[in-house]
Each structure stands twice: as C-alpha cells, then as structure tokens.
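Protein chains in written order, with the numbering used here: chain A, 1 to 161; chain B, 1 to 507.
FYI, nobody ran anything at the bench for these hints, they're computed from the structure. Note that this is a predicted model, so its numbers are computed, not measured. Don't take each hint at face value.
Here are the simulated distance ranges between beta carbons [said to hold, decoys possible]:
hint, chain 1, residue 1, chain 2, residue 2, range
1, A, E17, B, R23, 46 to 56 Å
2, A, Q107, B, N353, 34 to 44 Å
3, A, G111, B, A59, 51 to 61 Å
4, B, P458, A, Q155, 52 to 62 Å
Selected chain A positions facing chain B (in silico; Cβ < 8 Å) [unchecked claim]:
hint, residue
5, R24
6, V25
7, H71
Every residue, glycine too, gets a C-beta built ideally from N, C-alpha and C.
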Amino acid sequence: MKHTYTYHGQTHTLDLEPTANGYRVKYNGETYEVRQLRATGRQLVLCVQGHMVTLHTAKHDRERWVDFDGHTYTLEKPIRARRRGGGQQETENVLRAPMPGQVRAVQAAEGDEVETGQTLLILEAMKMEIRIQSPCDGVVESIPVAVGEQVEKDQILVEIG
Amino acid sequence: MPPPPFPKILIANRGEIAVRIIRACREMGIQTVAVHSEADAQALHVRMADEAVPIGPPAPVMSYLRGERILQAALDSGAQAIHPGYGFLAENADFAQSVHDAGLTFIGPPPAAIRAMGSKAAARALMQKAGVPIVPGYQGEDDARTLGQVADAIGYPVLIKAAAGGGGKGMRIAATPGELPEALNAARREAAHAFGDTQLILEKYIAEARHVEFQILADTHGNTIHLFERECSIQRRHQKIIEETPSPLLTPQLRAEMGAAAVAAAQAVSYTNAGTVEFIVDPHTREHYFLEVNTRLQVEHPITELVTGLDLVQWQIRIAAGEPIDLQSTAFNMRSPRGHALECRLYAEDPANNFLPATGPVLQFAPPAGPGIRVDNGIATGDEITTHYDPMIAKIIVHAADRPAAIRRMQTALHDTVLLGLTTNLEFLQAVLAHPEFQAGEATTHFIEQNLPDWQAPVRDLPLEALIAAALSENQFTAGSKPLPAKDTPDPYSPWGRADNFRLGKI
Numbered sequence: 001m002k003h004t005y006t007y008h009g010q011t012h013t014l015d016l017e018p019t020a021n022g023y024r025v026k027y028n029g030e031t032y033e034v035r036q037l038r039a040t041g042r043q044l045v046l047c048v049q050g051h052m053v054t055l056h057t058a059k060h061d062r063e064r065w066v067d068f069d070g071h072t073y074t075l076e077k078p079i080r081a082r083r084r085g086g087g088q089q090e091t092e093n094v095l096r097a098p099m100p101g102q103v104r105a106v107q108a109a110e111g112d113e114v115e116t117g118q119t120l121l122i123l124e125a126m127k128m129e130i131r132i133q134s135p136c137d138g139v140v141e142s143i144p145v146a147v148g149e150q151v152e153k154d155q156i157l158v159e160i161g
Numbered sequence: 001m002p003p004p005p006f007p008k009i010l011i012a013n014r015g016e017i018a019v020r021i022i023r024a025c026r027e028m029g030i031q032t033v034a035v036h037s038e039a040d041a042q043a044l045h046v047r048m049a050d051e052a053v054p055i056g057p058p059a060p061v062m063s064y065l066r067g068e069r070i071l072q073a074a075l076d077s078g079a080q081a082i083h084p085g086y087g088f089l090a091e092n093a094d095f096a097q098s099v100h101d102a103g104l105t106f107i108g109p110p111p112a113a114i115r116a117m118g119s120k121a122a123a124r125a126l127m128q129k130a131g132v133p134i135v136p137g138y139q140g141e142d143d144a145r146t147l148g149q150v151a152d153a154i155g156y157p158v159l160i161k162a163a164a165g166g167g168g169k170g171m172r173i174a175a176t177p178g179e180l181p182e183a184l185n186a187a188r189r190e191a192a193h194a195f196g197d198t199q200l201i202l203e204k205y206i207a208e209a210r211h212v213e214f215q216i217l218a219d220t221h222g223n224t225i226h227l228f229e230r231e232c233s234i235q236r237r238h239q240k241i242i243e244e245t246p247s248p249l250l251t252p253q254l255r256a257e258m259g260a261a262a263v264a265a266a267q268a269v270s271y272t273n274a275g276t277v278e279f280i281v282d283p284h285t286r287e288h289y290f291l292e293v294n295t296r297l298q299v300e301h302p303i304t305e306l307v308t309g310l311d312l313v314q315w316q317i318r319i320a321a322g323e324p325i326d327l328q329s330t331a332f333n334m335r336s337p338r339g340h341a342l343e344c345r346l347y348a349e350d351p352a353n354n355f356l357p358a359t360g361p362v363l364q365f366a367p368p369a370g371p372g373i374r375v376d377n378g379i380a381t382g383d384e385i386t387t388h389y390d391p392m393i394a395k396i397i398v399h400a401a402d403r404p405a406a407i408r409r410m411q412t413a414l415h416d417t418v419l420l421g422l423t424t425n426l427e428f429l430q431a432v433l434a435h436p437e438f439q440a441g442e443a444t445t446h447f448i449e450q451n452l453p454d455w456q457a458p459v460r461d462l463p464l465e466a467l468i469a470a471a472l473s474e475n476q477f478t479a480g481s482k483p484l485p486a487k488d489t490p491d492p493y494s495p496w497g498r499a500d501n502f503r504l505g506k507i
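Bound conformation, chain A alone (with noise of 0.2 Å):
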C-alpha cells in the first residue's frame, strides 16, 4: 500500500506490503525489509535492515509526529478528495498551501499529465521556497492560483485527477 507525505514542502511516498516476517518497503527505487518488534501506541520498535531502532510517533488530523535518533519530524498527510458520484473511478487528488504565501511560479497547466514528484507549482513562504509536488501519477485538473497571488493555509493549489 502506497503512504504518501509532504514534509518541508518536499513530498514522499513509501509503499509498504506485509510479508510472512513482517514488512516489505519500496521507497526511492530501494526495497527495504522491516519487522515491527513493538508497537505500544508511543514507542515503535523497528527492525530496518538488521537495524534495531526506536522511534515515538503521534498523529493528529494531517499531521504525523516522529521522533527518531533526537530529533522531530512533522509529516503531512496531503488531502485527498473524496471519490465523486458512482462513474468516476478516480481519486481526485487536492493539494493545499501548508501555509500562508505568495505563488512564484506555475510548473504545469490544466489538462497536463503528471507523475509522482513533479513539481507542479512553487511557493514563497517564511522566507522558503516551497516546491508543490504531485503525489501522484495524473492530470492535471485545475490550477485555481495565478503566480503572484497570495494565499491562505489550505487554500487549494491544485488538483489533479
């Protein structure tokens, strides 16, 4: 199963698969063997190739929290849309700004098709350029923003079909 995230405005995707030992993970081209030793809803004991690690996970709403090695990560689960009506069989896909900006540029046009990671448009935000990037392989729907416009948190930036 495919487990996407942004994480400072970068996006991610894992696919992880259960095996008869554990968990098979695919990221990045690399295939990774994972078992899960302990689970007990604030620590997670992995073993990641032959590696023992611990981490602490929270999730709430979108956002998932790992602490791992010292240091915190924030993730994000990107929305997505719920499936429209009995005909359409795909999944719309809606990417919101993370936070209040200022659209820079636009990387792609309604109509496009688009894989996973593609920088479909950038923001400027906190001083950062944030890249948007496609969760997914599709078309591109609709693109709401014109570069130069502000927008809020959550405001949708693009959609994809």
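Assemble chain B onto chain A, guided by the hints.
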C-alpha cells in the same frame, strides 16, 4: 515521619510550580488543595492534588489572580497556609496581607518586605543605605548641563532612560561626552512621544553584563543565609532560557563578597523565607551591582537544590511554620556549591514565527531519565498548551561533577527528550549549548542577540526510518487500538481471546 508543619496547604498557582509544590507537600505528609481555571480542569496539578477547587474562566485575571476567591477556597477547604508559587499573586503584598488577616499563613516573606522591594527606586535607596553596591545612577534636575556633570561623575558609557518609562523606550547610550547632547535630545523626544513625560535619568551603562543572582533563605529567628549564586545570562528578550550554578565567572572571593551583599540586602528589609537578590556583574572589572530583590521562589530554584542537596520548597514551608534553619547542620554549612547544575527551560514555541509561543495538543511527552537528570514538568501527554498561560512545557535540569560534564549531560538529556505535537525550542537550546562562547563560560546577557539572532533549525533530510514509522502508525494504536491477537487457549475467559479493546495496564 515528623508531623507536618501544616496539615493542609492550598497552592495558588498552576503548571510546573504547582506540581513542584504538591510534590514537596506529599513528601511531608501535607494535604494539598489545587485551584484551577476552567481551562485547567484536567491539568496535571489538579490531578495530583488531594482536592481541587475551580476558581473561574481561563484568563488569569478571572482566575489565578482572583485573590479573594483563592483565599475563600483556602478557608472553605480548611487549609492553614497558602503557597503562591511564582508569578500571579506571589509578589502581591495586598494578597499576602489578606491571607494574614484571614488567620492563614502566607508561605513567603512578610507583606512589608514585598512592598519594600516592589518599588525599584525605593529598593535602590534602601540598598544604598545598607551599603549594597547599586548601579551608579542619578535622578533629579535633568537639564543638559547637570546631566553632563553627572555623566562625568558616573563615568562613560552612560545609559539614558526615561524616568516614566520602560520597554526600552526613551533609552539611549552615550559612549563619550561628545555623544551626550544628541543622545539626550533623542531620548527626550522619544520619552515625550511614548509617555508624555520628558524627565530623564542616567545610569552607568554596563556593556557586557552577566546576570548573577543569589538565593537567600531567612527564618523567623533572625537567621539569614545565602545558598550561593545562579548565573542566568542566557536570555532572549529578557526571558531566561538557561541557568547554571556555580557561575563560571565567580571566584571564591567574589562569591563571598556578593553573598555577603545579598545577605545584607535581605536583612535591610527584614526578609524571611526564600528570596533572590539579583546583581549584574561587569565581567571585565568584576564589579557587581544590585539590580533587584525577587520576594518569591524563582523558576530556576532547582539548580540550587541540586548543588546544595536542599529542598527549597520544603524549607519555605518549614520557615513559614516557624521552624529555624539549623545552622549547625552540614547541609547549611557548605563552603561552595557541590558539583555543577544546569537548567534548560523547554518552551512550546515556533522558531519559524519569531519564537512566538506555539499552541496545540501535547501528543506525546517522554522526559529524559538517567543519573543526575531531573525534570520539573507541568504538563503531561494529552494536555494542551493554550494562549492563556506561559507556554513552558518543562524544566530539564542536570547535575554533574563539573561544568563540562553537566553540559554533556544536558545535551544527552535534551537529545532523549521526546515532545510531539508542538514545535519547541529544543533544537535552539542545543544550538546554545554547543556554542563555543557558552562552552567557555563567557556568555553575557547579549549572547543570544549577538550570536544566534535569526536562528532557524536546519531542515534535516527525512530519514527512511521516520517515514516507515509514520506509515506503520496509520493503522495502529490510535485511541481504541486493535484487539489483542487471539491465542490458542482452552480458557474461555482468557483476555487473549477477547475481540474488544481490552488492554492490560496503562501504556
């Protein structure tokens, strides 16, 4: 166990200091009464206390500052004494008086001492009379000529301040006599605009100052002692972030001199109970100047406890009950602090938003543990940090044999601290601890402003393990986790065979 000094105490505070006081009371067999606003109904201090009394809506002015409601809660609950903690009503002389008038004991100094130290000008005058060095300054005729003469007498650089003001408005520095006229004019203009009052005062400007304070303990039998110093120079926007003892700056002689000055300051106002005398020290000349007296227990008191082995909150309670400090005991006869202690204040704040307080749920707080590590926390997993109150999550405190060991211990403790759900200043604290100037023990009160003014946490590459953990956590252990796997057992009552959310013990 000896009988408790008071059978029951009400704690007029919240958060970590309320938890601290409750812990001290429990050890002494004292019953505790917590007060809480509506926002704190399930707060840690409420859950730890024996009784809890609601005192109003979230805003402090409607709850924790309502002296008369708190006093009534104490009377209704049968408490004999009230501990005010720090902040809120701790230095409110009227509240202290009302507690006395109601026949209860205020765990702190007498109202007269609180009043005497409440006015900075009055405090300075008192200290000067007592022979305590104060920052050379002048308040009086403020025409340019007079101020010029005063500045020559004080010595440059001088700090020009608005008599009516604060917040840095109407403040200017003149480094040389040539700079004085324009600096005076600029300060006067700003003061007129900000306060409608152009009166100016002059003070000697100590460019590189170190903040060093002394812990005072005085009983009602005439014994006043100091329990050494704390250095609190790591500050951001005048808020302390890291404190330590002993101060890397102090020699045994300076410690003795300043300690004596602190005791003299306390005696000048007939102080009793715990208090702190603050000084600024010029690191170049080692000259020290009285700043103010804090007539309460301070946030950073734990580091003094660790290097002396004393429980200051318990001593506050004993002194308030009339017990004397046992000057013969070894605990009160230490020549110098034992080992080195450091405290870091862990705050919920957003470094990407100018370090303004962050709010939100504490999804998980797992404090560090190990030898010489102490955590004074006011929150626990499941609590919420709101805008109503100080966003302090916990104080992480360490004690070790010497300063380098204490720093390493703190770095490890912070590394092991887990706080999920809110952004914190954890990485910022690590940046301070790693800085060569801090490591050399040379940081002044300008340290952060000079070295880490626009600090941002570096964005780290996302480790694969973290990504895997997030993905694995999607389907697991949310509230009401999956049932335990059924096992082959002939026992129909075995919990392993249940299909509901039965969980053994607390996780």
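### Query
Given a hinted range of 46 to 56 Å, is it respected by the beta-carbon distance of E17 (chain A) and R23 (chain B)?
49 Å, holds
#### Entry: Cβ distance range 52 to 62 Å for P458 (chain B) and Q155 (chain A), holds or violated
28 Å, violated
### Query
Is the distance from the Cβ of Q107 (chain A) to the Cβ of N353 (chain B) consistent with 34 to 44 Å?
28 Å, violated
### Task
Note whether the CB distance of G111 (chain A) and A59 (chain B) lies within 51 to 61 Å or breaks it.
54 Å, holds
### Message
Take the shortest C-beta to C-beta distance between R24 (chain A) and chain B; is it under 8 Å?
### Response
With Cβ-Cβ at 11 Å, over 8 Å, it is violated.
#### Entry: Interface restraint verdict for H71 (chain A) against chain B (beta-carbon cut-off 8 Å)
6 Å, holds
### Task
May I ask you to test the interface hint for V25 (chain A) with respect to chain B, counting a Cβ-Cβ separation under 8 Å as satisfied?
Hint on V25 (chain A): holds, closest Cβ of chain B at ~6 Å, below 8 Å.
Checked against the numbered hints given earlier, the structure breaks hints 2, 4 and 5 and satisfies all the rest.
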